[in-house]
Amino acid sequence: MSAPAIRAERLSKRYGQVDALHDLDLEIAPGEVVGYLGPNGAGKTTTLRLLLGLAHATSGRAEIFGLDCHRRTVDAHRRLAYVPGEATLWPSLTGAETLHLLGRVQGRVDEAYRDVLVERFDLDLDKKVRAYSKGNRQKVLLVAALMTRADLLLLDEPTSGLDPLMEQAFRHSINEARDAGQTVFLSSHILSEVEALCDRVGILRQGRLVEIGTLDQLRHLSTLSVDAVFDAVPPDLSRVPGVQRASVTGRQVHLEVQGPIGPLVEALAGTGLQQLTSREPTLEELFLAHYGSAGSG
Amino acid sequence: MVRELVARRAVRSGALWGWVFGAYVASSALGFASLYKTQQARDELARSFGSSLGIRALIGPAHAINTAAGFTVWRSLGALSLVGSIWGLLTATRLLRGEEDAGRWELLLAGGTTQRRATAQALVGLLAGVAAMFAVTAVITVATGRSSSVRLPLGAALYFSLTLVAGAAVFLAIGALTSQLVSTRRRAASIAGAVFGASFALRMVADSNPSIHWLVWASPLGWVEETRPLTDPHPWVLVPIVALVLVAAGLALHLAGTRDVDAAVLPDRDVSRPRTAWLGSPLALAARLMRPQVVSWLVADAAFALLLGVVAKSGADATTSSSGMTSALARIGFRGAAIDEYLGLSRPLGDMLTGELEHCMALLDRMADDGGPRPVCELRIAVSVIAVAVRMCDNQFVVLARVLGEPGIDQDVDRAAQRDRVWVGAGTRVEQDRALVAEQQEDERCLEADRLAYSQDEGVPIALVHLDCRVSALLAGGSAVDPRGLVCTVDRRPRGEIDVRGIRVGGCDHERIVRERPAIRPLVLSGLAS
Numbered sequence: 001m002s003a004p005a006i007r008a009e010r011l012s013k014r015y016g017q018v019d020a021l022h023d024l025d026l027e028i029a030p031g032e033v034v035g036y037l038g039p040n041g042a043g044k045t046t047t048l049r050l051l052l053g054l055a056h057a058t059s060g061r062a063e064i065f066g067l068d069c070h071r072r073t074v075d076a077h078r079r080l081a082y083v084p085g086e087a088t089l090w091p092s093l094t095g096a097e098t099l100h101l102l103g104r105v106q107g108r109v110d111e112a113y114r115d116v117l118v119e120r121f122d123l124d125l126d127k128k129v130r131a132y133s134k135g136n137r138q139k140v141l142l143v144a145a146l147m148t149r150a151d152l153l154l155l156d157e158p159t160s161g162l163d164p165l166m167e168q169a170f171r172h173s174i175n176e177a178r179d180a181g182q183t184v185f186l187s188s189h190i191l192s193e194v195e196a197l198c199d200r201v202g203i204l205r206q207g208r209l210v211e212i213g214t215l216d217q218l219r220h221l222s223t224l225s226v227d228a229v230f231d232a233v234p235p236d237l238s239r240v241p242g243v244q245r246a247s248v249t250g251r252q253v254h255l256e257v258q259g260p261i262g263p264l265v266e267a268l269a270g271t272g273l274q275q276l277t278s279r280e281p282t283l284e285e286l287f288l289a290h291y292g293s294a295g296s297g
Numbered sequence: 001m002v003r004e005l006v007a008r009r010a011v012r013s014g015a016l017w018g019w020v021f022g023a024y025v026a027s028s029a030l031g032f033a034s035l036y037k038t039q040q041a042r043d044e045l046a047r048s049f050g051s052s053l054g055i056r057a058l059i060g061p062a063h064a065i066n067t068a069a070g071f072t073v074w075r076s077l078g079a080l081s082l083v084g085s086i087w088g089l090l091t092a093t094r095l096l097r098g099e100e101d102a103g104r105w106e107l108l109l110a111g112g113t114t115q116r117r118a119t120a121q122a123l124v125g126l127l128a129g130v131a132a133m134f135a136v137t138a139v140i141t142v143a144t145g146r147s148s149s150v151r152l153p154l155g156a157a158l159y160f161s162l163t164l165v166a167g168a169a170v171f172l173a174i175g176a177l178t179s180q181l182v183s184t185r186r187r188a189a190s191i192a193g194a195v196f197g198a199s200f201a202l203r204m205v206a207d208s209n210p211s212i213h214w215l216v217w218a219s220p221l222g223w224v225e226e227t228r229p230l231t232d233p234h235p236w237v238l239v240p241i242v243a244l245v246l247v248a249a250g251l252a253l254h255l256a257g258t259r260d261v262d263a264a265v266l267p268d269r270d271v272s273r274p275r276t277a278w279l280g281s282p283l284a285l286a287a288r289l290m291r292p293q294v295v296s297w298l299v300a301d302a303a304f305a306l307l308l309g310v311v312a313k314s315g316a317d318a319t320t321s322s323s324g325m326t327s328a329l330a331r332i333g334f335r336g337a338a339i340d341e342y343l344g345l346s347r348p349l350g351d352m353l354t355g356e357l358e359h360c361m362a363l364l365d366r367m368a369d370d371g372g373p374r375p376v377c378e379l380r381i382a383v384s385v386i387a388v389a390v391r392m393c394d395n396q397f398v399v400l401a402r403v404l405g406e407p408g409i410d411q412d413v414d415r416a417a418q419r420d421r422v423w424v425g426a427g428t429r430v431e432q433d434r435a436l437v438a439e440q441q442e443d444e445r446c447l448e449a450d451r452l453a454y455s456q457d458e459g460v461p462i463a464l465v466h467l468d469c470r471v472s473a474l475l476a477g478g479s480a481v482d483p484r485g486l487v488c489t490v491d492r493r494p495r496g497e498i499d500v501r502g503i504r505v506g507g508c509d510h511e512r513i514v515r516e517r518p519a520i521r522p523l524v525l526s527g528l529a530s
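Those protein sequence lines, which keep their order, are chains A and B.
Residue numbers for the first sequence, in our numbering: 1 to 297.
Residue numbers for the second sequence, in our numbering: 1 to 530.
Calculated directly from the structure, the hints in this document are not laboratory data.
The structure presented is a predicted model; accordingly, all values stated were derived computationally and were not measured.
Beta-carbon label-pair distances, calculated as ranges: (1) A/Asp-122 with B/Pro-267: 44 to 54 Å; (2) A/Gln-168 with B/Val-265: 40 to 50 Å; (3) A/Thr-58 with B/Leu-154: 56 to 66 Å; (4) B/Arg-275 with A/Gly-41: 20 to 30 Å; (5) A/Ser-160 with B/Asp-260: 15 to 25 Å; (6) A/Arg-108 with B/Trp-236: 47 to 57 Å; (7) A/Thr-58 with B/Trp-297: 32 to 42 Å; (8) B/Arg-275 with A/Tyr-15: 20 to 30 Å; (9) B/Ala-302 with A/His-70: 40 to 50 Å; (10) B/Asp-301 with A/Asp-23: 48 to 58 Å; (11) A/Val-74 with B/Leu-279: 40 to 50 Å; (12) B/Arg-275 with A/Ala-180: 52 to 62 Å; (13) A/Val-74 with B/Ala-33: 50 to 60 Å; (14) A/Thr-58 with B/Gly-155: 53 to 63 Å.
Partner residues aside, some chain B positions facing chain A, computed with beta carbon under 10 Å: (15) Met-1; (16) Ala-102; (17) Leu-107; (18) Leu-109; (19) Ala-110; (20) Gly-112; (21) Arg-117; (22) Val-261.
For glycine and all other residues, C-beta sits at the position ideal for the given N, C-alpha and C.
This is chain A alone, in the form it adopts within the complex (with noise of 0.2 Å):
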């Protein structure tokens, strides 16, 4: 059985009195896309930063492909690529110097794959960095990333400043990536994508992390929304097992419900239901749900 691509155990990093990252457990197995959610400050880039043995834990140990990431840095660094949050890049070379000073430091190059990639994201490799938009320094540490093939990515936010054609790019690189087997480990604060991409999310909060499990698992664990019509004044549903919160607004009704839907179906029945429907919470519900309508944590 092959290694996971990243292991975390009890992994914690403290910065004086604040606690960025508290006892982290996390198994990621090779050729998965996992999102990684959190407000500013959650630990998010720290945890990224332990992984790539950029800093030192407090406690607990990462490994990379069974490859302790402390102690072995540099053969992990060999299976993975890595794209920071701040697109900070040399002004004074071109893009196509930029991508060759990458790939040479990366070790590795697709250069087919990289071709197709500077096409796709629409880059101008003649003008220098210090030409470029945010977007585009973006775009250039993307393709720097991904013309690696690089057994396991490392992308933190990478898609912030990118407009939505680039998203769209980024989507469908990402799904080569899955396709090839690839393991990707994504931090984003840009729900959707992580929607739209991950097989599993993580969600961290104040340095712990509070829940990780498929969309479909998280969903199980919270509540369905759930809205009816009445062609007369709604019956009390409040107390009908599993329902969390109704709240009515004339003939309707909008109810969130934890666990099985039987009890409510059993207790609508005959009581001139005239519309009903019901949909699975959003990410972002999900995700407010753990802090707050306000999102912060």
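Once you have looked at the hints, place chain B on chain A.
Just chain B now, kept in the frame of chain A:
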């Protein structure tokens, strides 16, 4: 890859400064014979300056300055060690902590390397910059030494070149160390600058009083001084210099492996209470942002002034005790009390130590990084020890080298004063700093708005550098120079190499230069041709 990336930038910058070092040495060595034609004039020079403790405190000891070799060392070693040291600390902090500060370092660390290994590679790249500085300096020094008026043995010229860049190596390593200690480039450069300032102060105090001369061994700049190239070589002094470089670099490597990226060994204050008093307007914001630098430079200025005050009396005594020096100083405008004269002489050094050189370095570094032309307004380089006049025209600039403390002896005084601090701005105007020039000499000057010309043979080398092609041309001892004529054109072959025969300087092609103007010597820095 880190090594190549750092070396690419350090070598460009180092070679550029090596070229300036070489030009400075050449101007000193070649100028000696024309400035001091008789043995009597040379002995008078030695009598006037050789035993002056005040002058020694400012620019180092004067050994055998009645010879071309001694004169060259006296004028070059102390001044260029300072320049090299500042280059070293600024370059190291820029390419280590500066890269980390900018967020580019982690991109490199994500490759097949570690923080410690990447730092080691960066140090090798930085040393390549010193090596380039040494190589270019050595080539020009060796070439100068072959002149019949100078005659330096090859080994002595190489040793001299090595001592000239020793300060750069020492403070490169110290800059690498301070880059690990604090979390911003500015703070790293400030701490390294403080070490440099303390080192300079110790050297200055040690040289100002024979009874405490042993203090010179407490200062890396003092060690450089004690290498005594060309006159009384002490090569064993290179041992503590190399040891300090190794220790500082080793410590830097050790610390790099024990800290987080973007963090530092010394704690940083990331939280503070809001202070809005200085944030009322863009002007106030500028003042707020400039405050740390202003305070730093004020402190540095005050410290330098204090130091000067300490050594000024012996300097002033030495000035008045020499009738030759007194008359020389009077002819270039110093007619005040002895202490005023001494402080006046020391002013250019103070200027350099308190900021102008850093501006100059930053500018030349940017030019070295980009290799492209810059707006004229950015090319206002101000250096007092090496007064560099810059003229930008089609990717070229002209460097006019001159020297601090041009000894003003008899008829040479006028011309020495005339070429003090010449600023040339894009052929549109010439600014002259008149601080060191007597009023009666103004009418005699041959500096014009769009023309730089000397009425007599000054023996001042003028150099053109083609920034794109890395080709320079050295015009030594030209009798009259018109900047408009100084156009250096270079042909490139399809594969990128430079055709030396295609070089044109001042309207002359290569053959004509060789045939008619032997003073013009096109010099291709092939190691830099990209």
